[in-house]
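**Student:** All chains should be built: construct the whole structure from the sequences, respecting the hints.
Given next are the chains, with one letter for each unit.
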Amino acid sequence: MTTATAEPHQVDLREPAGWRRTKNRIMTSLMVLSIILVLIPLGFVLVTVIAKGASSISWSFLTGGPIPSIVAPAGVGGIGPAVLGTIEITALATAIAVPLGVLGAIYLNEYGGKSWLAAIIGFMSDVMTGVPSIIMGLFIFSIWVVHRGLAGLSGFAGALALACLMLPIVIRSSYEILRLVPNALREGSYALGASKARVTVTVVLPAAIGGIVSGSLLAVARAAGETAPLLFCIGAATAANPNVFSGADTALSAQIFANANQPYVGAQDRGWGAALTLIAICFILMIVARIVTARFARYSR
Amino acid sequence: MEPSEQNAVTDFESVPESATRQNVALPAPAAITDAGQAAESSPRTGTHIFDVNGVSIYYGSFRAVTNVSLNIYEHQITAFIGPSGCGKTTVLRTLNRMNDLVPGARVEGDVRYRGEALYAKEVSPIAVRRRIGMVFQKPNPFPKSIYDNVAYGPRINGIRGKAELNEIVERSLRQAALWDEVKNRLGNSGLSLSGGQAQRLCIARTLAVEPDVVLMDEPASALDPIATGAIEDLMKEIKDKYTIVIVTHNMQQATRVSDRTAFFSVLVNPQSDTRTGTLVEYAPTDRLFGDPQDDRTKAYVTGRMG
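Sequences listed follow chains A and B, in order. Residue numbers 1 to 301, in my numbering, belong to the letters of the first sequence in order. Residue numbers 1 to 306, in my numbering, belong to the letters of the second sequence in order.
By construction, these hints were calculated from the structure, which means they are not laboratory data. Remember, it's a predicted structure, so these values are computed and weren't measured experimentally. Take these hints with a grain of salt, some might be off.
Output of the computed footprint for chain A on chain B, the stretches with three or more beta carbons under 8 Å from beta carbons of chain A [what the hints assert, rightly or not]:
1. 149-156
2. 198-208
3. 269-282
Taking lysine-lysine and the BS3-like style, the derived pairs with C-alpha atoms no more than 27 Å apart in a straight line are [unchecked claim]:
4. A:Lys196 x B:Lys162
5. B:Lys183 x B:Lys162
6. B:Lys138 x B:Lys236
7. A:Lys23 x A:Lys114
8. B:Lys121 x A:Lys196
9. B:Lys138 x B:Lys241
10. B:Lys121 x B:Lys239
11. A:Lys196 x B:Lys138
12. B:Lys241 x B:Lys298
13. B:Lys183 x B:Lys121
14. B:Lys121 x A:Lys114
15. B:Lys236 x B:Lys162
The beta carbon of each residue, even a glycine, is placed where N, CA and C say it ideally should be.
**Tutor:** Written out as structure tokens, the structure reads:
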């Protein structure tokens, strides 16, 4: 290098100075800045929840019960019923919404084409995305819960409401991923004499599975944290309800809502603890899904 | 030898399964001779695989190809050449009903495969494509392992036996001159292969279902000369078992591999500013290049028109 500086440069290969270079630097800094700005609130939320919630977390808090009255001091009882309820209700909602949503997206992209039915379904699903979650709760409350009397309030009713929320997200995200599957893959399969169903199941879905799982997970995470629709539909149980189809249930989000805005220190602590638990559950879910997806998408690179 | 007979055995989707099988057993009709192809100077005169008569192809209201008539012979390599936009790929995709997948595509005229009307109402495109395979311009391996790529076709035809699949995979990869390069990594992704290898994988995938006809749409256009040479050698090797139709932009390739060549050209309609492809000349390859009858052919093969 030292000898090179002695000789004059034949050509100048350095990035040219001037406006273009400045512009490049400005845009790069702006992008870094926006990332930092986005991460700051996320960081604050995490730090706050961990700082305030970590002290409540213990095995008996996570699994114990019943959920104590709001006036009870910290350390009494546990939120086990709510953890169980959240897992049950979200799993049930996922079991309803993900198959329906993925099948719907397959219809829209692979079968519907430009038909009027596909256009209507696509439009309705987009409209559904914009429906506030509390309306979904009200909807399930009015068509399901009120008709079944006391047994109407149940984890299942909550799952129905969450499924309504998840459905348009799953449809939209799966649809966008299916659209990205190159047509060349479909043609390759057709050219071997595969039927449309076969092409879809053996080529299109495997190629899209990673994105479909990611999209569905976003929907699951969204549903797990929803509070409003559950308030209408699952009631407020304090003890674990093993029957998800009948009788009041409870969930972490409902517990956060019930406890965090109380003046009692014990209730506030339980609220923060429940919040941290909910975040942890979502986080674990994401990691598991990533591992599963990586296994499915082994050949996509 | 009837390799394609085995393929349709467990064909649960397609309706006219037994019908198709009978149809193939029917003798091909006597040669429909057109002017210019009556005199056979070709090395071998065999049965017609395809009889294409007065075919026009539309995309919506746009006529992409008009008035194409040609016969394609068994165990020969037939090349389609011509400038871009002349409809050679469109005609090729008509031969195994791939154009059905394009919304608005429509075929007028008579296309017969071994004497049977390809576009008859009761014909299942699925059954057609099991006999008439296709290799595309861009290699399109599935995002599966190399093994599963090749075994895909046999599997959808109901072959499940591990030993049988192993045998088919090895034989097909050997036929496609890829076996030695991948035999130790059959479990790797098909997408991990280089362009030339991926194209040979796609050829192996097509051969694995033992089709009657292999359609190739510029199979070597993305490949280097060595890979191209490998694929050309491969075509000559397998033409004893298969009938091959190849679209190519490369005239040297047509002269090297093909027995017959069809030259397509573009008709420009200045009023509507539309371009429609049509067949200009179809003859044994040595004659089309050595003694072209049409001025347009002459200009194209001598390089005076691109």
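**Student:** Hint check: lysine 196 (chain A) vs lysine 138 (chain B), CA-CA at most 27 Å. Holds or violated?
**Tutor:** Given that 27 Å is the threshold and the Cα spacing comes to 22 Å, the pair holds.
**Student:** With the threshold set at 27 Å, check whether the alpha-carbon distance from lysine 196 (chain A) to lysine 162 (chain B) stays at or below it.
**Tutor:** With a Cα-Cα distance of about 25 Å, the restraint between lysine 196 (chain A) and lysine 162 (chain B) holds, given a limit of 27 Å.
**Student:** Need the status of pair lysine 138 (chain B), lysine 241 (chain B): alpha-carbon distance at most 27 Å?
**Tutor:** Holds, at roughly 24 Å.
**Student:** Holds or violated: lysine 121 (chain B) and lysine 196 (chain A), Cα atoms, limit 27 Å.
**Tutor:** holds, 18 Å
**Student:** Can you confirm whether chain A covers the stretch 198-208 of chain B, using C-beta to C-beta distances below 8 Å and requiring at least three such residues?
**Tutor:** With 3 residues in contact (Cβ-Cβ under 8 Å with chain A), the coverage given for the stretch 198-208 of chain B holds.
**Student:** Is the straight-line distance between the alpha-carbon of lysine 183 (chain B) and that of lysine 162 (chain B) 27 Å or less?
**Tutor:** holds, 16 Å
**Student:** Count the residues of the stretch 149-156 of chain B whose Cβ falls closer than 8 Å to any Cβ of chain A, and tell me whether that reaches three.
**Tutor:** n = 3 at 8 Å, threshold three: holds.
**Student:** Does the structure keep lysine 138 (chain B) and lysine 236 (chain B) at a Cα separation of 27 Å or less?
**Tutor:** Distance of about 21 Å is within 27 Å: holds.
**Student:** Starting from lysine 236 (chain B), check that the Cα of lysine 162 (chain B) is at most 27 Å away, please.
**Tutor:** violated, 30 Å
**Student:** Taking beta carbons only, do three or more residues of the stretch 269-282 of chain B come closer than 8 Å to chain A?
**Tutor:** violated (count 0)
**Student:** Below or equal to 27 Å on CA atoms is what counts here, so check lysine 23 (chain A) against lysine 114 (chain A).
**Tutor:** violated, 44 Å
**Student:** Keeping to a limit of 27 Å between CA atoms, is the pair of lysine 121 (chain B) and lysine 114 (chain A) held or broken?
**Tutor:** It holds: about 23 Å lies between the C-alpha atoms, which stays within 27 Å.
In summary, the structure is inconsistent with hints 3, 7, 10, 12, 13 and 15 from the numbered list given earlier, while agreeing with the others.
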